[in-house]
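These protein sequences, in sequence, are chains A and F.
Convert by adding 35 to the 1-based position in the first sequence; the result is the number in the working numbering.
Convert by adding 840 to the 1-based position in the second sequence; the result is the number in the working numbering.
Once the Cα atoms are required to be at most 30 Å apart in a straight line, the calculated DSS-like pairs of lysine-lysine come out as:
| hint | chain 1 | residue 1 | chain 2 | residue 2 |
| --- | --- | --- | --- | --- |
| 1 | F | Lys1046 | A | Lys382 |
| 2 | F | Lys939 | F | Lys1046 |
| 3 | A | Lys350 | A | Lys280 |
| 4 | A | Lys373 | F | Lys960 |
| 5 | A | Lys382 | F | Lys939 |
| 6 | F | Lys943 | A | Lys382 |
| 7 | A | Lys373 | F | Lys939 |
| 8 | A | Lys164 | A | Lys178 |
| 9 | F | Lys960 | F | Lys936 |
| 10 | A | Lys65 | A | Lys106 |
| 11 | A | Lys48 | A | Lys280 |
| 12 | F | Lys943 | A | Lys373 |
| 13 | A | Lys178 | A | Lys251 |
| 14 | F | Lys960 | F | Lys943 |
| 15 | F | Lys927 | F | Lys1046 |
| 16 | A | Lys65 | A | Lys48 |
| 17 | A | Lys373 | F | Lys936 |
| 18 | F | Lys1046 | A | Lys373 |
| 19 | F | Lys960 | A | Lys382 |
| 20 | F | Lys1010 | A | Lys251 |
| 21 | F | Lys939 | F | Lys927 |
| 22 | A | Lys382 | F | Lys936 |
| 23 | F | Lys1010 | A | Lys350 |
| 24 | A | Lys106 | A | Lys251 |
Hints were generated in silico from the structure; no laboratory data involved.
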Amino acid sequence: MLNRRDFLRLVVKGAVLGNFLNLVGPPLEKAAAAGEVNRLPVIWLETGSCTGDSISLDNIWTPALMDILYKILDWRYDWVVMQSSAESAFQVLLDTVENMANQYTLVVQGTMLQRDGGNYNHIAYHDGKLITGLELVRRVGLKARYVVAIGTCATYGGVVAAYPNPTQGTGVQNILPERRVINVSGCPTHPDWIMGTLLHLALYGEPELDSFGRPKMFYGETIHNNCPRRRYYDQGIFATDIGQKECLYRVGCKGPVTYADCPIRRWNDRMNWPIGCNSPCIGCTEPGFPDKMEPFTAHFPDIPFPGGTRMATDKIGLGVLGLTGTAITAHLAASLYKGRLHHNLLKSTVKQNSRPPVKKTKSAKTYRLKKANPATPQPNSPGSS
Amino acid sequence: MRQTLKKELQKGSLRHQAIPAQPALVRICHWGFALSMAGLLLTGFELHQPAHFLAFQFGQEYIIHLTFSWLSMAFFMLRVTDAIFRKDRSILVGFKDIKNFPKLLSYYLFLRSSPPPAGKYNSGQKLFFTSWLVLFILGSILGLASYDQGEHLAWIVRLTGGWQMLRWAKYAIAIYFGATISVHIYLSLTEDLSRLQAMITGFEDKFEHAKTR
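Chain A on its own, in the form it takes in the complex (with noise of 0.2 Å):
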C-alpha cells in the first residue's frame, strides 16, 4: 500500500509523465481487493452547471473510469453515470444519506442557486415534491463526512455567478458554513485533480489546503512560476498578440495570480494546454471568476458604472494620471497668469536685506521689480536694513 509521502511523489511524477492514475490505480486497485483500502462512498450531485466537470472526468484514459469508480471507490450516486433512474435511483441515494451517514463524501458539481429558495434549480422528484438543488445539498451535505466542490461553480459561483447573477448563485461553502469544503477549481476541472483529491480522501483523509480551500498538491504553485514560457518573461519579450510564442503577459495573461499546475499536467492526456496553444490563461480556478478575470486580453477586470457603463482599470489609472497633469499645468499656468508664482518664489527666496521693492501684486503683469528711484533707500544701500 502507498504511504501518504509516495502518492504525493506520484502525483508530481504523474503530473510530469501524464500518467497520474496509471502510476497510482494498479497499487491502489491491490489494495483494495487486499481488503486494505476501505472504498470511499461517494455521493456525485450536479446543481446549476454545464456537467462540463463530469465530461472532463471522463478524460481519464488509463486506468479507465470504471475500474477507479467501481475498485477503488463506490460510485453510488451520480446521475450521468448511472443506468438506474427516476425512483430507483434517488433511493439509492436516500439509502446512503440514511445507511453510511458520516463515511460518504458528498461531491458537488455546480453553483448553487439560492434565488426564491432555489426553485431555479431542481435535481431530484421524490414522494410527488420537487427538490431543489440548495436543500439536497445541505441535506446530504450536513451528514457527509467530506464534502467536495468539483468546478470553479461549485467553489465560487463561477460563470453561472457572474454579473448580473440573476440566479443568486453562489459557491457550496456559503450554502454549508457548518462544514469546511474542499474546493476542487477550475472550468472545468482537471480529472487527475478529482480523482487525486478523492483517492487522498479515501487512503490519508483531508489533504493541505490553501487559504480558499483547494488542495496544495495541485494548486500550490502560480501558473506563472511553472510556465514553460518564463523565461520569455524574464528576458523581457512579450508576445503583442495572441498567437505568438512569446510570454503573453501583455496579453493579459492571469497566470500570474492563478494557482494550478496546469503547466506542468496539463488537458486532455497531456496533450496541450490554453498556453502551449498560444492563449493566455484566463485564471479560471481563482475565486472571482469570470468577472474578476475579464476581458482575458486585459490584467485587470473592467470597472462597472451606474447605468451599465464599464471602463477599463487601466484606462481609469492612465486617466487619474493625465488628469493629475492637466490640473497642475493649469494651476501653474493660472498662478504665472496671476502673479501666485513670482509672489510666492520672491516671497520665499529673496532675503529681505537685498529684497528689491516691488509694485502691485494684483496680477503678474502688473508685478514687476520697481525702477531705481534715488530718493527710495535701495537694499544693501547704507540704512535700508
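Add chain F to chain A, keeping to what the hints say.
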C-alpha cells in the same frame, strides 16, 4: 496677508531668519523614501504594463522592484519610529485641518489671495501625509502577501477576495501615490521654496520684525 507683507517689506521692517525646521533623520527618511518610492512606482508600472521601447530584463527589474520596496519600508518605519519617539504628530490630520481644508482649497482655486493660517504643515499636506501613512501600510501588507505567495499572510489574500483583487488594490494604491506625489512635488516647488530648502538644509527662512531682533 500679502498686502501686509508687501508693506512690511517695502518699509524694510522685516528681517529673515533661518530657523531649524527639519531634523536630519526626517530629511534622510524623506529623501530616502522619495527615491525608493519613485523607483518602486516606476518599476511597478513597468512590471504591470511593459513598455515596448524599454527592453528591460524582467527578472532583474523584479529584483529592483523588490529592493525598492524593502528600502521604502525601511525608511517608512524609521520615520514612524522617529515620530513616535519625538511625539511628533505634525503630519497627522485633525478635525481642525478638515475644517480648514475648504479654505485652503479655495486658495488653490484662486478664490482667496492667501492660504489659511497653518502650523508646520497645512491641512492639505496633512491630508496627503495621513493618507500616505495609511495606504503605504496597506500597500506594504498587500505587497508582502503577494511576495509570500500564500506561504504567509494567506488570510490577507482571502480577505481581499483573491490574487487578482489584491493586484488590483495594489495598482489603485500606486495610482493614488503617483497622482498625489506629483501634486506634492508641484506645490513644493511653487508655494514656498524655503520649505523645500528646509528639507535639504534643515533650516527654513522665516520673517520676523527687525525690532524684535
